[in-house]
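Enquirer: Sequence:
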Amino acid sequence: MTVRFPRSDERPPSDFAVAAEDAARLAAAAGPLVEQATNVQWYELPGSDVDRAAFTLCRLRRTMAARGGGPQHGDEAVRRVLAEASPDALVWFASRALSYLDESGFPDAVAPWFREDKLLAD
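Residue numbers (our numbering): 90 to 211.
It should be emphasised that the hints constitute simulated quantities derived from the structure, not laboratory data.
Glycine included, each C-beta is placed from N, C-alpha and C at the ideal position.
Any given hint could turn out to be false.
[Said to hold, decoys possible] Computed Cβ-Cβ distance ranges for the label pairs, DEER-style:
#1 Ala113 to Phe203: 37 to 45 angstroms
#2 Leu134 to Leu179: 16 to 24 angstroms
#3 Ala183 to Glu110: 39 to 47 angstroms
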């Protein structure tokens, strides 16, 4: 699902110091948290390191989307963090994200867009 901001033009970058400090702090923290989350289980302990990493990346995404005036700015900030992650951390984190999507009903929400017989076709 795409969230649309109610504006058609790009907003100039914010010079609001607190938002900039939050973004820098979140960006600096996110990478190490993704690495720390590698091999941490998420089913037994809510609020584990892998959940903290995801929470931090979501906050970074929101902060940068708000600062930049659109969700693409938040997405880019998250991609910059994940591009620096080790392959093992990235795979582990991606599996957590897919688990969450699956358990939150994403497949059911998007199923109408895809015909089952075409899903696995070449």
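Enquirer: Between Ala183 and Glu110, does the beta-carbon spacing fit 39 to 47 angstroms?
Expert: violated, 29 angstroms
Enquirer: Range first: 37 to 45 angstroms. Now tell me if the beta carbons of Ala113 and Phe203 are that far apart.
Expert: Because 40 angstroms falls inside the window, the suggested range holds.
Enquirer: Hint says 16 to 24 angstroms; check whether the CB-CB distance for Leu134 and Leu179 agrees.
Expert: 22 angstroms Cβ-Cβ, so the 16 to 24 angstroms window holds.
Checked against the numbered hints given earlier, the structure breaks only hint 3 and satisfies all the rest.
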